[in-house]
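S.K.: Chains as they are written, first to last, in the working numbering: chain A, 1 to 489; chain B, 1 to 351.
No lab work stands behind these hints, which were simulated from the structure alone.
Please read these numbers as outputs of a predicted model, since none were measured by experiment.
Using N, Cα and C, we set each Cβ at its ideal position, and we do this for glycine too.
Treat each hint with caution, since some may be false.
Now the stretches of chain B that chain A is said to cover, found in silico as 3 or more residues with beta-carbon under 8 angstroms [said to hold, decoys possible]:
no.	stretch
1	112 to 119
2	148 to 158
3	268 to 282
Listed here are the chains, written in short residue letters.
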Amino acid sequence: MISRMKAAAHLLEKLIAIVGHKHVLSRDEELIPYECDGLSAYRVKPMLVVLPADSEQVQAVVRCCHQYQTPIVARGAGTGLSGGALPLQNGVLLSLARLNQILQIDVVNTRARVQPGVRNLAVSEAARPHGLYYAPDPSSQIACSIGGNVAENAGGVHCLKYGLTVNNLLALKVITVDGELLELGGGALDSAGLDLLSLMTGSEGMLGIVVEITLRLLPLPQQTRTLMASFEQLQQAGNAVADIIASGIIPAGLEIMDRLSIQAAEDFIHAGYPTDAAAILLCDLDGTAADVETDYRQLMQTLQNSGSSEIRQAHSGEERQRMWAGRKAAFPAVGRISPDYYCMDGTIPRKYLGEILQHIDSLSQHYKLRVANVFHAGDGNLHPLILYDANQPGELQHAEEFGGKILELCVRYGGSITGEHGVGMEKINQMCVQFSSDELNCFHELKSAFDPDGLLNPGKAIPTLVRCAEFGAMHVHNGQLAHPELERF
Amino acid sequence: MTTEDPASALQEQIRYAAKHRQSLQIVGNHSKQHLGRHSQGEILSSNRLNGIVAYDPSELVISVRAGTAVSVIQETLKKNCQTLPFDPPCFNGRDASIGGAVAAGLAGPSRPWNGAVRDSLLGIRLVDGQARHMRFGGQVMKNVAGYDISRLMAGAWGTLGLLTEVSLKLLPRAPAELTLRHECDATQALQTMRKLALKPYRQSGACWMQGQLRLRFSAHPDSLQQIRQQIGGESEESSFWSDLRDHKLDFFNSREPLWRLSVRPDADIQQQTQIIDWAGAQRWLISTQAADKLRELAEKYSGHAILFANGDRNSAVFQPLDKVSARLQQRLKHTFDPDGIFNPGRMYSDC
Ligand SMILES: Cc1cc2nc3c(=O)[nH]c(=O)nc-3n(C[C@H](O)[C@H](O)[C@H](O)COP(=O)(O)OP(=O)(O)OC[C@H]3O[C@@H](n4cnc5c(N)ncnc54)[C@H](O)[C@@H]3O)c2cc1C
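From just these sequences and the hints, can you work out the full model?
M.R.: Rendered as structure tokens:
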């Protein structure tokens with residue numbers, strides 16, 4: 001015990017020597033803001049928070065922690081929704097917030113080189129004067145960091161057409177657990193050897209610390225047209241999405257909001273949404289003027305055949321922004337109508353959208369908790385927001401159980417428990433449903449190849465087999481239920 | 001799993017090979033035997049893993065067994081006005097298997113706009129060196145549960161295990177295509193390519209060879225009409241793009257070493273016999289220069305060089321890795337293939 005305290009004191013001293021007194025936080029009141037990420041139901045006070053200034057300091061900090069065998073949890077902006085940046089009581093919380101420089105906008109080769117603490121939106125803002133932008137646009141883009149985006153493989157409204165973070169990366173610089181600099185990718189479109197760039201993306205801070213990122217930029221579209229279609233039934237909106245994709249066009253964005261989220265957003269933002277509709281479909285078309293016009297004709301035909309009760313087109317840039325503002329502010333808007341909400345992130349094949357939304361509705365009645373649905377429909381990525389009140393005893397547990405059921409449903413329909421928010425601490429039990437024990441073992445083996453002592457964000461994302469046994473989860477194989485004859489709820 | 005699963009026989013073969021530490025050579029349709037490093041071992045054939053497992057056009061996803069021929073897949077997709085975004089090459093007039101196409105990670109001329117193999121790869125089933133048949137990723141567009149082991153398999157040349165099934169994201173086939181040809185030198189061609197990269201055109205090819213720059217666009221005829229007015233040049237209808245993809249152009253008809261340089265698009269590389277493809281990011285050279293010289297050249301433009309075909313297939317075909325990467329790759333190889341049975345030496349002599 002004494003030697004452990006001695007070691008901790010030594011570590012503290014060394015860390016201060018690396019980053020300076022001001023950038024090592026150890027007093028309770030300094031640590032509290034770092035207790036949780038965007039999933040505030042989970043809180044742990046870290047032993048220390050360290051804020052290095054550059055990649056050399058990150059490297060030195062990691063080396064030092066490695067020497068003292070102290071676990072590290074990386075943190076970007078702390079907007080994650082799965083508890084990925086949840087600290088460890090005996091660990092160092094490594095904040096990348098001070099690495100916030102855009103190092104280069106290379107216009108000729110259409111790319112940006114940035115530090116991990118740069119905010120997502122800041123990249124597009126810096127690129128815009130050159131006629132370029134960074135496509136992945138999480139709704140949290142004013143706050144979330146590019147490093148966090150890489151660690152979660154973040155998506156956004158425009159990912160349907162332009163891909164997720166992984167599809168828009170060219171290179172990464174990563175500090176490995178033993179403090180070595182690992183360079184992945186480069187200036188070309190591919191690199192020699194195994195594709196570690198993809199593997200690192202979405203690895204939730206468990207394989208290395210990302211200290212520099214090269215992003216692909218795209219030319220700003222000449223024109224963007226936004227449409228809003230209203231539906232009297234949520235299921236119709238779901239089916240319209242499958243019809244649009246089947247018709248051969250890929251909209252730049254294709255999002256659904258249901259009645260509860262429409263009403264919440266309308267009260268909050270006054271976007272001009274039809275509050276009597278059961279659902280709206282927001283759709284962006286972009287490209288050259290001629291591309292947009294031909295896609296538009298096709299889209300209108302599909303929407304008219306899909307039973308939409310009203311189709312509205314934004315006639316000015318301002319109106320366009322207003323239509324999207326409601327969607328982008330949907331989470332906080334829902335936050336205004338309920339003391340707490342719990343955001344789920346399952347994905348399913350698009351064709352089951354209508355069906356699964358009905359299932360969620362019956363679950364909502366069963367648990368007596370309201371649900372607002374606002375999601376990336378084009379990608380089949382659901383975001384049911386379960387409304388609850390943490391001050392009511394038992395409601396949080398109820399909401400979590402309800403959420404777990406939704407995720408298991410997604411797996412049964414051949415989907416995944418998380419499309420973009422990551423597993424983190426939150427969905428670790430549901431991993432037992434999605435993966436077999438061989439697969440989970442393989443994940444653990446892969447983790448040890450990078451981090452043999454388990455010092456990087458330990459305990460997250462991949463459950464131990466013991467945990468799965470305790471959770472009592474049954475691996476759903478290939479979307480097939482063990483007892484399909486049994487009623488589901 | 002039921003006994004009729006054709007993968008179970010292969011699983012058995014792998015289990016046996018691991019136990020006796022026998023090397024296995026994973027083979028699909030033999031269309032890429034001339035690529036990568038020379039590797040020896042008993043044949044592990046994906047031939048019997050044949051057929052489409054699931055395809056619903058409205059999902060823009062297809063799941064196929066690894067031995068299925070690329071042409072069979074393309075035929076099916078064509079009927080539904082869809083296509084494989086990475087447009088994989090088929091060499092030597094042979095039909096590639098989709099497993100081989102994914103393992104080689106090679107993409108056609110539309111790569112800069114439509115993405116690489118890894119960008120389309122949504123999920124896989126894999127038998128690893130412990131004969132575990134596992135599924136990673138899935139059939140959905142988005143999935144961040146667990147590490148992205150699927151994409152790790154794209155371009156791994158079968159060194160980590162046998163792919164038995166892959167799920168791929170598809171692209172609607174554009175209603176029309178336009179190729180415009182300009183006469184110019186390499187430097188001018190590169191300038192035009194880079195300028196076009198700043199325009200939101202639906203482009204699908206940009207290649208220069210022998211004084212001719214060819215630009216391809218895939219869109220609605222109305223859009224193509226406008227592009228033609230704005231860019232000018234001779235319009236051309238020919239098999240140029242598929243000949244380029246499949247290395248059927250005369251240029252590739254040589255016994256000399258064929259090098260592929262993957263570089264920063266604006267790289268100013270002046271070489272006698274070269275094709276500039278991928279809007280500058282991919283260069284094909286026929287060259288007898290020393291490997292080190294070409295590697296240095298590629299590195300200067302933050303890229304890498306591969307001895308793609310011909311030359312010494314026992315030499316270092318792929319660009320050697322730095323120490324940190326090499327160590328990690330060896331550890332990964334050991335994770336998936338602890339006995340070192342899959343395609344030994346195909347990528348690097350030591351893994
Ligand atoms: C209102 C709201 C809306 C959202 N909308 C979206 C959306 O549309 N799409 C979407 O994908 N997400 C969305 N999110 C979730 C979240 O914003 C993303 O997951 C984002 O990528 C997290 O970035 P961050 O910088 O906040 O990371 P953090 O929360 O700080 O960390 C997230 C994970 O990344 C790791 N990490 C952070 N930085 C690094 C690094 N440099 N190296 C290694 N590991 C690192 C952490 O350890 C942790 O595991 C939303 C969140 C909120 C609150």
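S.K.: Run every hint past the structure and note whether it holds.
M.R.: Status of the hints after comparison with the structure:
no., hint, in the structure
1, 112 to 119, "holds (count 5)"
2, 148 to 158, "holds (count 7)"
3, 268 to 282, "holds (count 3)"
When the structure is compared with the earlier hints, no violation turns up for any of them.
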